[in-house]
Structures are given as C-alpha cells and as structure tokens.
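Visitor: Given next are the chains, with one letter for each unit.
2 protein chains.
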Amino acid sequence: MTTERRTPGRRPGGPDTRGEIVQAARESFADKGFAATSMRAVARRAGVDAALVHHYFDSKNELFIEALALPVDPRRIAAQILDGPDDEIGRRIATAFLGVWESPDGQQRMKALFRSALSSDEVARMMREGITELIIQPVSAMLDVPDAKLRVGMVATQLVGTAVVRYLVGLEPVASVDAETLIDRLAPVLQQHLTG
Amino acid sequence: MTTERRTPGRRPGGPDTRGEIVQAARESFADKGFAATSMRAVARRAGVDAALVHHYFDSKNELFIEALALPVDPRRIAAQILDGPDDEIGRRIATAFLGVWESPDGQQRMKALFRSALSSDEVARMMREGITELIIQPVSAMLDVPDAKLRVGMVATQLVGTAVVRYLVGLEPVASVDAETLIDRLAPVLQQHLTG
Numbered sequence: 001m002t003t004e005r006r007t008p009g010r011r012p013g014g015p016d017t018r019g020e021i022v023q024a025a026r027e028s029f030a031d032k033g034f035a036a037t038s039m040r041a042v043a044r045r046a047g048v049d050a051a052l053v054h055h056y057f058d059s060k061n062e063l064f065i066e067a068l069a070l071p072v073d074p075r076r077i078a079a080q081i082l083d084g085p086d087d088e089i090g091r092r093i094a095t096a097f098l099g100v101w102e103s104p105d106g107q108q109r110m111k112a113l114f115r116s117a118l119s120s121d122e123v124a125r126m127m128r129e130g131i132t133e134l135i136i137q138p139v140s141a142m143l144d145v146p147d148a149k150l151r152v153g154m155v156a157t158q159l160v161g162t163a164v165v166r167y168l169v170g171l172e173p174v175a176s177v178d179a180e181t182l183i184d185r186l187a188p189v190l191q192q193h194l195t196g
Numbered sequence: 001m002t003t004e005r006r007t008p009g010r011r012p013g014g015p016d017t018r019g020e021i022v023q024a025a026r027e028s029f030a031d032k033g034f035a036a037t038s039m040r041a042v043a044r045r046a047g048v049d050a051a052l053v054h055h056y057f058d059s060k061n062e063l064f065i066e067a068l069a070l071p072v073d074p075r076r077i078a079a080q081i082l083d084g085p086d087d088e089i090g091r092r093i094a095t096a097f098l099g100v101w102e103s104p105d106g107q108q109r110m111k112a113l114f115r116s117a118l119s120s121d122e123v124a125r126m127m128r129e130g131i132t133e134l135i136i137q138p139v140s141a142m143l144d145v146p147d148a149k150l151r152v153g154m155v156a157t158q159l160v161g162t163a164v165v166r167y168l169v170g171l172e173p174v175a176s177v178d179a180e181t182l183i184d185r186l187a188p189v190l191q192q193h194l195t196g
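Those protein sequence lines, which keep their order, are chains V and F.
Here our numbering is used: position 196 in the first sequence is 196, and no number is missing along the way.
Here our numbering is used: position 190 in the second sequence is 190, and no number is missing along the way.
Extracted from the complex, chain V is given alone in its bound form (with noise of 0.2 Å):
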C-alpha cells in the first residue's frame, strides 16, 4: 500500500478505484470471512473514503457478488426459494437452481466458481461463509424444526453434487438429461431433506 493509498477521505474517485474496492473487499472476505467484514473496513483496507464504497455498492452483500463474480444476487435466490407453499420448496429450489446453471453465462461462472472453491482454500471460505450468511441462515430460519440447518444443508450436498456431476465432470446420464426431468428428480428428495 501506498502513502498516497492510507490517506483517508482525501482520495478521489479514479479509474481504478472501483477495482481497488473490490479487491480489497475480497481480501477481507477471505482474511476475516463474511461477517467480520464491513463496508467501512473495506474502505480502509482500499485507502478509500467508506462513502466511496457507498458510491459504488449499495451493500456488503453487492461487494461479495462482484469479489465472487457470482452470476446472481444470493439473497434474490433465496427469495424466489422463500416464496410460495412449504410443500413446493424443493420444486422452487431446483428450479432456481438449475435456472443458474442452465444459462451460458450462468454456468460458465459458476463453474469457474466451482473450481476455485476446489483448488483454493480462501475462495472455499469465502463461498462458505457468504452461502452460510447468505441462503443457508434465511432459509432455515423458515423452517421451523430444530435441525433446520442441517437439513439446508444437506440440500446443499445434493445441490453441488448435481453441479458437479452433470457440469464439471460430465457423467451420463445425468450430464444430457433435460432440464424438466432433473427438476423432476431432483424436486423431491430437496423435500425430503427439508420436511420429511
């Protein structure tokens, strides 16, 4: 870090001083996790003025979007799974699932995503703590049984799996199946982890 860099509230914004934000944003997050994280020590680790940061994201929960490239926002997703009868969440949640994969962009960014979580342990926290924060506690917070978590997160162990098998190795049959039959399959054993 520069003298120039530790100078607080003096800084204008330059060309690449969003970059700098981000970047100093995925260092926290990887240093310090998810929580322990805010937009005003983003800030200071950036050398930035916190309203800076304020400029260019709305929320913690943006920064942690754009440090993970992650191609939807989390918590929008965990909103579509919030929304509608408990008996249909495990439809809901494939669906929003699958509807991240299915799409090009969508795909090739998380399984870039998906790599890094597999050969560096920073971006696995990183993923980790944000999933945690980010779906695994608002979703379970829904349910109201005891184990809610670990059954959020066994949803989870099917979700990857699937992600895996079907877009980063490519096992047949379940790499060329359609859409509509996966979320077929897959509907009921995601309700069977939450509620049954």
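Hints listed in this document are in silico derivations from the structure and should not be mistaken for laboratory results.
As the structure is a computational prediction, the values presented were derived from the model and not from experiment.
Take these hints with a grain of salt, some might be off.
Identical copies carry no separate label here, and so any pair may be met within one copy or between two of them.
In the DSSO-like style, the derived pairs of lysine-lysine whose C-alpha atoms are separated by at most 27 Å in a straight line are [claimed, not checked]:
(1) LYS32 <-> LYS149
(2) LYS32 <-> LYS111
(3) LYS111 <-> LYS149
Assemble the complex: chain V is given as a structure, and chain F must be docked to it using the hints.
Guide: Quick look at chain F alone, frame taken from chain V:
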C-alpha cells in the same frame, strides 16, 4: 519408448516394471477409456509380455484401482450394495460410501482423486468411465426399471455432493455432524432416487 521396450515378450520384469505397467494403464484409460483398454493393450504400451501384466495384476479392474490409487475395489462396493433387500439399498449405499470416506486413508486418497478429477480432464474421464462400468452398470442392471441408469446417476450426484461439502469444502453443519446422523439423512433420499 526405447527400442528395448518395444521388444515384446523378451523383457524380464525389472524393479520398475510394475510401475511402468501402471503408467501404461493410466495412459490407456485416459486415451481410450476404460472399456477399450485391455490387459494386452496395456502390455503392448508398456513394451512387456502380456503374461507379465497378468503376473502383477489379476484383471483390468485391478489395474484401474492401481492407476487411480483407489482406496477400495469398486466391484466390492457394488457387491456390498447389491447384497440385501431392495428397500434398504439406500442405507447400504450410504453406509458403504461413508465407510470409505470416514477412514483416514480412504479420505486422503478420495480427496486427492476428487481434486484431480476436478482439475484434469483426463482423470475426470478415467473416473467417469470406471465408475460407469464398475458401479453404475452393475447396480442399474439390478434395478428393474427403464430409467435405472438415471436413477443410479442421481445417487451419484447425492454422494459426490456429500463428499465435496463435507470433506473438501467443509460447509457446516454437514462437515462435523457424526457419520450415523449423515447415514440417516442420506438413506431415504438415496432410496427415493433409486426406487421412489
């Protein structure tokens, strides 16, 4: 390859011969796939007599186990899964799978294998073809339904995801829940995938 190694049937088993056979098998599995690899072709590729390959390895299956450094014989796992009543097959699969992953040596080897498969297309192909031939085909042949292979493939998604979430990424609470609880969670969904 040296001229000496090209002379079939003349080369005595030296100290590295076994390792060279395994390397030739690995190349053949990666180049041509599991089904198209024969003991004879491996011998030819290694520049040794076929009898020497048979001296070290009883079958192509054993060569495959060695080439991928598998902690167990996939056919033994398949036999274990098939041995019992149909309505408890989900539990037998969960038990067999966690049996491998919960042993320290098994876990270490499987983690290495998963990481290789996710970063190397060659290892991914070897795993994909070997698993198809040695586990998916025998298990799906036992199921008396038209979509047996897709059902067994869906079981693979649940198992692969469990391994990635619990052992590779360490997402809580799945990462630290005890194995018995995990088997109780997996058994009904594996059963649903196969016979639901």
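Visitor: Are the hints correct? Go through all of them and say.
Guide: Do the hints match the structure? See the list:
1. For a Cα distance limit of 27 Å, the shortest separation of LYS32 from LYS149 inside one copy, 22 Å, qualifies, whereas the shortest one across copies, 44 Å, does not.
2. For a Cα distance limit of 27 Å, the shortest separation of LYS32 from LYS111 qualifies both inside one copy, at 25 Å, and across copies, at 26 Å.
3. When the C-alpha separation of LYS111 and LYS149 is checked against a cutoff of 27 Å, the pair qualifies both within a copy, at 25 Å, and between copies, at 25 Å.
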